[in-house]
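Enquirer: Sequence:
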Amino acid sequence: MQLNFGICLLYLHYCLCIDFTYYVKEGEEEGTYLGDIAVDMHLYDSNLLTDRSKVTFSQFQRSVTQNSQLFNVTKSGKIYTAQTLDSDTLCSYNQECFKTIKIAIQQAKAFIKILKVRVVIQDINDHQPKFKNEEINIQFSEDASIGVRRSIPNAIDRDVGLQNSQISYHLGNNIDNPFALSTSKSVDGISQLSIFLKEKLDREKQDKYVLEIVAKDGGLPPKESVLIVKVTVTDVNDNTPVFLRKVYNITTKNKASRMMPIITLTATDLDSGDNGKVSYHFSSKTASSTKSHFMLNERTGEIYLQQIFPLRSKLLNELYVRATDKGKPPLSSAVLVLVNIINQQNNYPSIDVNFVSPVSESSATISEDTAVGSFIAYVMVTDNDIGLNGEVTCELHHDKFQLLMLESKEYKVNLKDPVDREVQDHYDITISCEDQGSPSLETKRKFSIQVMDVNDVQPKFTKSTFKFLTYENKKANFPIGFINATDPDLGQGGQLTYSLLTNNKYNFPFQITNYGFISTRKPLDHEIKNIYKFQVFVKDNGKPSFNNTANVFIEVMDENDNAPYFSFPSVNPFSLDVHYYPNKKTNITVLKAFDRDSRTNAFLKYEILRGNDKHLFSVNPYTGVLSFSRPVYQDDVGSYNLEFIVKDSGTPVLSAMTTVSLTLTVSNKTSRIMPAVNKNLNEMVEVDFAIVIVLVAMIVSIAVVVSIATCIIRCNRARNAAQGGAVEVMNPSLNSRSERRQLINQTDSSVVIPKSPSEMRNRNIQLVGLRSQLYSEDVSQNDWKTSTLATKLPSTKQIYVQQVAVTAGGKGVQESTCMVPHKQSDRIATHLGSHHKWSDGQTGLYEEIAGML
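First residue of the sequence shown: 10, per my numbering; consecutive thereafter.
Be aware that a few hints might be false.
Quick list of the computed label-pair ranges, beta carbon to beta carbon [said to hold, decoys possible]:
no.: 1; residue 1: Lys194; residue 2: Thr374; range: 21 to 29 Å
no.: 2; residue 1: Thr672; residue 2: Ile537; range: 40 to 48 Å
no.: 3; residue 1: Asp135; residue 2: Ser554; range: 51 to 59 Å
no.: 4; residue 1: Lys63; residue 2: Thr30; range: 21 to 29 Å
no.: 5; residue 1: Asp283; residue 2: Ile259; range: 26 to 34 Å
no.: 6; residue 1: Thr471; residue 2: His406; range: 36 to 44 Å
no.: 7; residue 1: Phe107; residue 2: Arg254; range: 26 to 34 Å
no.: 8; residue 1: Thr93; residue 2: Ser554; range: 40 to 48 Å
no.: 9; residue 1: Thr558; residue 2: Arg608; range: 30 to 38 Å
no.: 10; residue 1: Tyr515; residue 2: Ser457; range: 50 to 58 Å
no.: 11; residue 1: Ser554; residue 2: Thr471; range: 17 to 25 Å
no.: 12; residue 1: Arg254; residue 2: Leu171; range: 39 to 47 Å
no.: 13; residue 1: Arg254; residue 2: Glu419; range: 21 to 29 Å
For the record, the hints were derived by calculation from the structure and aren't laboratory data. The C-beta atom is built at its ideal place from N, Cα and C for all residues, glycine as well.
Make a model of the complete structure from these sequences and hints.
Expert: Below is the structure:
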């Protein structure tokens, strides 16, 4: 590559004047490197340049259609070929072949200068000279004088380069021939060949000759071809047509007319007959685009303007016309006709727009982050009219774009205000250009600007906090909920990726997909953790990437998956010794149970399942307080295996059981005989007050006598028992309820006075035992129920128990019995057992004793 350039660069506030010429050989493959404008300008050597990356180069182009672009210019200023170049089709014959490209130089988004670069396409010698025919016939008369010439056709080389298209000729077999080759140049640069006679001919000696005309071009290496010339000795055409002058220069209006020729050419030929008849035609040197506007009369030489030139066409046209006679071989000569076209009409201005980033001839793209003042398009206006008809002013009315003048009839389109694709992604722009003629003519050019997306919007969640409910014990991948975020950007900038922000990524029980769907990674356990608070992180895939976060609350709802368990008693079975004192609190102990579930699933209820046949015990269903459900008597003494069950309120209901082996002892102050009153207060029948008075009046007399006698007998027995030792209590076993009732009837029917103190004592003991059996049977038939609420007994009712009063006299122990009321508020007797120590407490106030649980 060769490079000729001139540089005048003063950066930013100074003028930039640059002219570069690059060279490339035709036939080079696509992508051939031509040069680096930035390096050749020494742009990076300037101390004023602080940031190289902000200087960009872009090529102007009218369209992006296939095969329309010859070169590519990178943003860094490097020039490459865009296709394989063929100078033979791109350029004119025997002229320098070059193309001019316009390159915009920008710093960041600011426009600096339009640089015009010329690329010379060097022709390669890929064509050989070629004659129209491989052989021709010419004639010489026998009496022809030395120096007589006969014209022969020249060779044509399709190469357009100056060297490759230059053809030299010589005779290939010039030995002992009476002929020589003569060459000369015509006005159009084409060689004119002739064979001239250098010696006299003798037709009787030789009447035919064969000559070889060798045509060789000037390429490296040169190429050649051969024309066979067969010479016959006879008379031939020996005069060429001659024009009056070599160049004609005319001026005409740009108005087509076939009635009036713009010029008439005339050439004369001194020959006679057909050798002197001349015809006219355009030479191959005349450009095809030019010939299309003109018409040449081959017979008369008249030239007409048959088609008006468009506004952007050049005004000076070159026509090469050749005059040829009809001799054999024909002779010809050429003339140049320069036609200057004058536009006197008022034509509409023509607007040509070249975009920095074209999509088509009428559309381009810009980025939404393009800086204000950035260069968008280069506008050229053409109006070849004369005077005011050719003076043009242009305008662009838009709130985002503006039109600024560069030079006469050259403008640039800049960005006036920022654009936002999310607000508007497309703009239609109209440039109007109006000349100053009368009347003035206006042309409008419409084009569109498409705003390309840039990742400039942060993803946004539809809510700042997302709340979800889920269940425990569900399998992995159980759906939780959907997190939704939006991003109006396009492409990668609008594609969102979600992730969970947590310090424990490996054991965290949740996961999220790229679409924001949250699910479990493993089963959840409400009892381990029931509330999860974390953040969801969302980011787009743009560059740079934007992100956002949202709060997530997940509540794990409880399932009844844990059965309750007893914390007290802590062992099963559990042994408990209870000593009962009358007039003490009735509370015995407190059952304790727990459930790892929550709410309804952990709401517990206590029940006595078995072992409470005498209905002696009751348990508060909600507090677990175990207490006596009625007064305790001597015949209640014994061991009880109480089975307790605790149930939760879940679905399904889960439960746990425990057994308490309770050993009950009773204080001596407690009556051994249960009174014959019904213990079920709810089933006591109220007697009419009048009937009670009558009954009392009838029984009082009998009761007084019986009571006095009974007291005397019991006092004697007690005195004897104190003297004789401990009294052994016997409880005879009765086979049936009827036997017990019979025994009671017998004991109640009459009072037998024993004959001796010993006999009286035995009888009383037996009586007490029989009544004790009766009491246990009757109690078992009563319906002792534990309410779901705290048990309340009517304050107006009293339970009557038999109380034995023992007094110490001078001679012994005296015992008396009377009926006294026993209230529900009696306190449980303090019991000091071998295993536990209990303290008194009021009913409803429950205190755990250290060491129990």
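Enquirer: Indicate, hint by hint, whether the structure satisfies it.
Expert: Evaluated hints:
1. Lys194 and Thr374 have their C-beta atoms about 54 Å apart, which leaves the hinted 21 to 29 Å range violated.
2. For the pair Thr672 and Ile537, the supplied restraint of 40 to 48 Å holds, since their beta-carbon distance comes to about 42 Å.
3. Our hint of 51 to 59 Å for Asp135 and Ser554 holds, since their Cβ atoms are close to 54 Å apart.
4. Distance hint check: the CB atoms of Lys63 and Thr30 are about 27 Å apart, consistent with the given range 21 to 29 Å.
5. For the hinted restraint 26 to 34 Å between Asp283 and Ile259, the CB-CB distance of approximately 31 Å keeps it satisfied.
6. Hint check: Thr471 to His406, Cβ distance near 41 Å, so the stated range 36 to 44 Å holds.
7. A C-beta distance of roughly 32 Å is found between Phe107 and Arg254, which places it inside the suggested range of 26 to 34 Å.
8. At about 43 Å, the CB distance of Thr93 to Ser554 agrees with the hint of 40 to 48 Å.
9. Between Thr558 and Arg608, the C-beta spacing of about 32 Å keeps the proposed range 30 to 38 Å intact.
10. Checked against the hint of 50 to 58 Å, the C-beta distance between Tyr515 and Ser457 comes to roughly 54 Å, which is consistent with it.
11. One distance hint, 17 to 25 Å for the beta-carbon pair Ser554 and Thr471, holds here, with the actual separation near 20 Å.
12. For Arg254 and Leu171, the hinted distance range of 39 to 47 Å is not satisfied, since their beta carbons lie about 27 Å from each other.
13. Taking 21 to 29 Å as the suggested C-beta distance range, the pair Arg254 and Glu419 does not conform, at roughly 40 Å.
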